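Given the sequences, and given the hints that come with them, work out the whole structure.
Sequence order for the protein chains is P and W. In terms of numbering that gives the first Met the number 0, the first sequence opens at residue 0 and continues consecutively. In terms of numbering that gives the first Met the number 0, the second sequence opens at residue 0 and continues consecutively.
Don't take each hint at face value.
For chains that are exact copies, the list does not tell them apart, and a pair is met inside one copy or across any two.
To be verified - EDC-like cross-link-like pairs, simulated, lysine to aspartate or glutamate; straight-line CA separation at most 20 Å:
{"hint": "1", "residue 1": "K298", "residue 2": "D161"}
{"hint": "2", "residue 1": "K282", "residue 2": "E185"}
{"hint": "3", "residue 1": "K296", "residue 2": "D161"}
{"hint": "4", "residue 1": "K62", "residue 2": "E30"}
{"hint": "5", "residue 1": "K173", "residue 2": "E286"}
{"hint": "6", "residue 1": "K135", "residue 2": "E303"}
{"hint": "7", "residue 1": "K296", "residue 2": "D275"}
{"hint": "8", "residue 1": "K83", "residue 2": "E262"}
In short, the hints are calculated from the structure, not lab data. For clarity, every value in this text was computed on a predicted model and none was experimentally measured.
There are 2 protein chains.
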Amino acid sequence: MSLIDLSKQVALGIDIGGTNTKFGVVNHRGEVLEKGNLRTDEYEKVEDFIDALYEQVKPLIEKYGTETNFDGIGVGAPNANYYKGTIEQAPNLPWKGLVPFSELMNAKFNLPCTITNDANAAALGEMLFGAARGMKDFIMITLGTGVGSGIISNGSLIYGHDGFAGELGHTIVKPGGRKHWSTGSEGSLEAYASATGIAITAKKMRAEFPESMLSQYPEESINSKTVHECALKGDLIAIEVFRYTGQKLGEALANFVMFSSPEAILLFGGVIKAGDFILKPAKLHMERNLLPIFRNKVKLVFSELDEADAAILGASALVWEK
Amino acid sequence: MSLIDLSKQVALGIDIGGTNTKFGVVNHRGEVLEKGNLRTDEYEKVEDFIDALYEQVKPLIEKYGTETNFDGIGVGAPNANYYKGTIEQAPNLPWKGLVPFSELMNAKFNLPCTITNDANAAALGEMLFGAARGMKDFIMITLGTGVGSGIISNGSLIYGHDGFAGELGHTIVKPGGRKHWSTGSEGSLEAYASATGIAITAKKMRAEFPESMLSQYPEESINSKTVHECALKGDLIAIEVFRYTGQKLGEALANFVMFSSPEAILLFGGVIKAGDFILKPAKLHMERNLLPIFRNKVKLVFSELDEADAAILGASALVWEK
Numbered sequence: 000m001s002l003i004d005l006s007k008q009v010a011l012g013i014d015i016g017g018t019n020t021k022f023g024v025v026n027h028r029g030e031v032l033e034k035g036n037l038r039t040d041e042y043e044k045v046e047d048f049i050d051a052l053y054e055q056v057k058p059l060i061e062k063y064g065t066e067t068n069f070d071g072i073g074v075g076a077p078n079a080n081y082y083k084g085t086i087e088q089a090p091n092l093p094w095k096g097l098v099p100f101s102e103l104m105n106a107k108f109n110l111p112c113t114i115t116n117d118a119n120a121a122a123l124g125e126m127l128f129g130a131a132r133g134m135k136d137f138i139m140i141t142l143g144t145g146v147g148s149g150i151i152s153n154g155s156l157i158y159g160h161d162g163f164a165g166e167l168g169h170t171i172v173k174p175g176g177r178k179h180w181s182t183g184s185e186g187s188l189e190a191y192a193s194a195t196g197i198a199i200t201a202k203k204m205r206a207e208f209p210e211s212m213l214s215q216y217p218e219e220s221i222n223s224k225t226v227h228e229c230a231l232k233g234d235l236i237a238i239e240v241f242r243y244t245g246q247k248l249g250e251a252l253a254n255f256v257m258f259s260s261p262e263a264i265l266l267f268g269g270v271i272k273a274g275d276f277i278l279k280p281a282k283l284h285m286e287r288n289l290l291p292i293f294r295n296k297v298k299l300v301f302s303e304l305d306e307a308d309a310a311i312l313g314a315s316a317l318v319w320e321k
Numbered sequence: 000m001s002l003i004d005l006s007k008q009v010a011l012g013i014d015i016g017g018t019n020t021k022f023g024v025v026n027h028r029g030e031v032l033e034k035g036n037l038r039t040d041e042y043e044k045v046e047d048f049i050d051a052l053y054e055q056v057k058p059l060i061e062k063y064g065t066e067t068n069f070d071g072i073g074v075g076a077p078n079a080n081y082y083k084g085t086i087e088q089a090p091n092l093p094w095k096g097l098v099p100f101s102e103l104m105n106a107k108f109n110l111p112c113t114i115t116n117d118a119n120a121a122a123l124g125e126m127l128f129g130a131a132r133g134m135k136d137f138i139m140i141t142l143g144t145g146v147g148s149g150i151i152s153n154g155s156l157i158y159g160h161d162g163f164a165g166e167l168g169h170t171i172v173k174p175g176g177r178k179h180w181s182t183g184s185e186g187s188l189e190a191y192a193s194a195t196g197i198a199i200t201a202k203k204m205r206a207e208f209p210e211s212m213l214s215q216y217p218e219e220s221i222n223s224k225t226v227h228e229c230a231l232k233g234d235l236i237a238i239e240v241f242r243y244t245g246q247k248l249g250e251a252l253a254n255f256v257m258f259s260s261p262e263a264i265l266l267f268g269g270v271i272k273a274g275d276f277i278l279k280p281a282k283l284h285m286e287r288n289l290l291p292i293f294r295n296k297v298k299l300v301f302s303e304l305d306e307a308d309a310a311i312l313g314a315s316a317l318v319w320e321k
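Structure representation (structure tokens):
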């Protein structure tokens with residue numbers, strides 16, 4: 000039997016978040032065959048984390064036959080460096096400094112391990128299995144607690160000189176604007192368009208306009224979900240919170256388009272639940288700030304991947320993209 | 000004789016500007032063996048322009064032996080589309096609408112003709128023959144009458160989905176800022192960092208601070224050259240004109256770095272004659288707006304190519320980059 004049975008080729012996709020780590024066995028069709036998870040924050044030492052992960056994954060490796068059926072392991076993690084296989088100074092992870100993650104995984108699993116940042120992994124997932132199938136030039140923007148991005152140009156991820164390209168959440172959309180709670184930069188996209196940024200905008204607007212329905216919620220419960228509830232009920236202030244967010248996002252997107260001229264921009268993450276409340280002003284302000292040659296060309300679309308699986312699919316896609 | 004003598008392989012590089020067109024025969028070492036030029040604006044019909052060009056180039060083709068010694072023709076032109084071989088709606092050229100330039104050239108010269116915008120050509124020239132030799136990730140910014148750009152990522156030009164990627168001069172650095180004289184956009188990099196933008200800033204500052212040496216010049220002679228003269232004599236207002244320009248440039252560069260994480264940013268064009276007056280504030284504000292992981296990594300350098308030859312070299316580089 001020298002023929003390769005593609006349906007039996009699988010990869011392990013791992014998505015490492017600050018609190019939880021999700022993993023899954025994925026096949027070439029982008030089907031998640033098995034899933035599991037463990038707490039990230041329970042392991043102060045990365046070696047202990049990898050040991051615990053191995054214990055959980057081993058039965059899956061055995062179930063899917065010999066380890067040779069596994070093409071490899073793909074990992075999406077914050078501050079991951081594709082070139083070096085390291086996780087570097089990740090503020091939300093328990094492991095500090097420079098972690099040689101790929102090397103440690105390789106030693107434990109005896110399988111090739113490729114690593115990249117979570118938004119890059121999501122972009123690959125969309126290209127192989129999601130809304131960007133068949134596209135060679137697109138930008139993925141993840142709008143969650145933070146704002147991440149993955150840029151595909153001519154069919155490949157842009158990693159840049161040092162592996163850290165694609166930090167679009169930290170580009171400045173309003174010089175001298177809102178100070179970022181963590182980086183200290185002023186006026187970054189993340190300061191406005193992340194869930195964290197939306198909560199800040201909403202709290203400010205609520206203080207300024209006490210007639211808003213937002214005033215009926217306790218301060219600490221103000222987040223993009225409660226703003227969405229109020230917007231759905233027609234609260235003009237809640238709608239304005241999203242309009243302003245969409246404007247800042249759209250202005251940033253125009254700049255991104257004039258950089259790499261993508262076929263589409265894919266939006267992903269919890270914030271996009273606000274739907275047209277954000278999408279319409281984003282589209283308006285993107286188009287308004289574009290040179291005429293770019294106008295009405297770039298699709299602005301939501302991710303098609305199931306959010307629970309997307310990160311795992313994206314990480315596994317890393318194995319086959321190489 | 001089946002061996003290919005590389006020293007005999009040459010390409011024709013053509014740089015089409017609004018007023019003049021320069022061309023040259025270039026060898027693999029980046030030596031311009033022959034040069035020539037003709038007026039662009041004297042030919043209302045593109046076919047007449049190509050005929051006139053052919054008449055001038057024909058003797059060179061004959062001099063360098065049979066036409067087979069020519070690997071091809073590379074053209075840098077405003078609003079040129081690499082994928083389609085067209086020049087589209089170029090505001091500064093006499094030929095309006097959509098010009099199938101490569102096709103027309105090919106028919107006349109019987110040589111493959113590749114075309115791209117002038118800043119992309121300059122970036123290729125730097126990669127093959129200039130300050131970016133050996134680099135795989137860098138951004139070229141041309142600071143002339145306008146602001147152009149060429150982005151090299153992983154050793155290749157970023158063309159984007161439609162061939163128009165890399166319009167960084169039109170990215171917005173100050174939302175709601177200075178209105179662009181031609182595009183109408185508000186707060187673009189070109190509105191501040193081009194020679195045209197610098198003249199606007201200088202005229203404003205001169206009106207506001209009549210004690211400046213700039214007041215000794217007639218209004219119409221205020222340009223980046225006269226500002227430079229005053230700055231060299233220590234005029235604080237002239238120095239401030241460049242500082243402000245450098246700040247806007249630096250803020251824009253920070254965003255570009257967080258997009259594609261280049262090894263270097265190359266600056267080229269008439270404006271860089273202002274040297275440190277612009278470079279130092281640009282560097283300061285670039286670093287200040289970068290995420291820590293990008294700081295003190297990106298070289299900010301001036302082009303090494305002779306300005307008179309750079310455009311021709313860049314255009315010829317297009318032939319060998321394919």
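Consistency of the hints with the structure:
| no. | hint | verdict |
| --- | --- | --- |
| 1 | K298 to D161 | between (30 Å within a copy, 13 Å between copies) |
| 2 | K282 to E185 | between (24 Å within a copy, 17 Å between copies) |
| 3 | K296 to D161 | between (31 Å within a copy, 9 Å between copies) |
| 4 | K62 to E30 | within (16 Å within a copy, 63 Å between copies) |
| 5 | K173 to E286 | both (18 Å within a copy, 17 Å between copies) |
| 6 | K135 to E303 | within (17 Å within a copy, 33 Å between copies) |
| 7 | K296 to D275 | within (19 Å within a copy, 40 Å between copies) |
| 8 | K83 to E262 | between (30 Å within a copy, 16 Å between copies) |
Checked against the numbered hints listed earlier, the structure breaks none of them; every hint is satisfied.
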